[in-house]
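Following the hints, complete the assembly by docking chain B onto the known chain A.
Residue numbers (my numbering), protein chains in the order written: chain A, 1 to 216; chain B, 1 to 266.
No wet-lab data here; the hints were simulated from the structure.
Nothing here was measured: the structure is a model prediction, and the numbers come from that model.
Some hints could be false.
As the list claims (entries may be wrong) - Far from chain A, by Cβ distances over 10 Å, these chain B residues were calculated: (1) 14; (2) 15; (3) 161; (4) 166; (5) 167.
Claimed, not checked - On the chain A side, residues computed to face chain B include the following (Cβ under 7 Å): (6) 72; (7) 175; (8) 176.
Just so you know, even glycine gets a beta-carbon here, dropped at the ideal spot from N, CA and C.
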Amino acid sequence: MSFPDQKSHFSVSELIFGDNGPYTLSCSGPEIVGMSGISGIGKTLFLRALADLDSHRGQITLDGQNCSDVSAPVWRSRVALIPAESRWWYHDVKSHMTSACSSDELVMLLESLGFEDDVLNWQVRRLSTGEKQRLSVARVLIRKPSVLLLDELGSSLDKENCDLLETAVKNFQRRYGSPVLWVSHDQEQIDRICDRLVIIYRDRLEEQQLFEEDKA
Amino acid sequence: MQVTALSVYDLSIASGLVLLLAFLSFRMELGLARQMVFSAARMTVQLLLIGVVLQSLFASRSFLLISLISLIMLIAAGREVRARLKRKIRGVFGFGVGVGAMFISSFSITLLALLVILQQDPWYEPRYAIPFLGMLLGNTMTGVALASDRMTSLFYEQREIIEQRLMLGETWREAVSDLRRDCMRTGMIPMINAMAAAGLVSLPGMMTGQILGGTPPVEAVKYQLLIMFLITAGSGFGIICSIRLIERHLFDDRHRLRLDKLYFED
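Okay, chain A solo, but in the shape it has when bound (with noise of 0.2 Å):
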């Protein structure tokens, strides 16, 4: 496997929305900042400004390159945000999952969430939960975006699931040199995963210290 040495960058600046912000923050590929927040202080909101689901106001840029400067779509599929709840629109699974990548690769990362890969012909409705939840993941990640937001993923899931999509997020943002943006209320999650923690309140971030110890 190879470690392209590229390296996304990923910045925000006087960003603001609604009554929040102004924010800034900027982060570097492979890195994985945590952000927590008491609930209704507007996380999911930032992650939406930021794969510019609503308008916002201040300057979001990807490696340099300014988010009102590319079409929407091209920013959105670069910039990959993950709901908490995923939807489905077709009956089976393989049908949300086209995309440039090689069957190969794709095979390769359903594996890697602990699919077989005739999870493919599988219908939308028999999936579980945290099926649901890893696919989502997998139907992100094949589109190779260069930067992901997660909110809130794998909260509600069991340690195993949970597990298996911590790994492949990582080895994914490892290998693409992807910064991650991992909205999280789970203390233990994010001593785990996060290189840094900021914590959003309706005006600011506050970067917070991490307990080195737990980490790896």
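Coordinates of chain B only, in the frame set by chain A:
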């Protein structure tokens, strides 16, 4: 052959049936009595008025007057489309989309029929123009309203799916392609069903009217075919126009779903 003129006595027998039904509904506590009597009374007044208006219109053949009446009919239809949406579109656009779609579906089609097919002298001969416009407006309005209502409702109900498709880098057109098909279908089904049933299950109103008026059945059938084709095509064009306008309106330039442009009304 002359149509038998109806006396007040004839009509009161028919309306008596509605009153009987209202009384029954009242006794059985079905909660429709008031509405039924009110609607029947309203219809009576409206139709009597239009009867008087048409009579003087046919006599005068004034182009200005016909234009004015057509315009009022069009605006009323646009208003009706808007009224039938459960989730309405804010602002002037909400009204404009109905009027725009009805203009495409009825106004332009009626013009085409008058100028190219019927070729009366003058071309706006009110005896043809007003009934044709009325039939087109009345029938295409149902399709346009159904499709528009379906679209605003679906966008609201399926907002999470639409947004998750956008998150995967789809354009707004791709993200709503399945919904668009659904809306088109919903709007067209009544007309497709009506065509399937025409002649077998139902004898359409216009044809029946002409036959009662003494037109030979085959001639009446030709007119009915003409009007059915026009209504079907008009509905289709009107629906395409309305769903195009609505879907474009509910996304902004950054391909964001803008449900804040809708509001709910019971």
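Evaluated hints:
1. 14: 51 Å, holds
2. 15: 51 Å, holds
3. 161: 5 Å, violated
4. 166: 6 Å, violated
5. 167: Label violated. Min Cβ-Cβ 5 Å, cutoff 10 Å.
6. 72: For residue 72 of chain A, the interface hint holds, since the closest Cβ of chain B sits about 4 Å away, which is under 7 Å.
7. 175: Nearest chain B Cβ about 20 Å off; hint violated.
8. 176: This hint is violated: residue 176 of chain A lies away from chain B, its Cβ roughly 16 Å from the closest one there, beyond 7 Å.
In terms of the numbered hints stated before, the structure departs from hints 3, 4, 5, 7 and 8, listed from lowest to highest.
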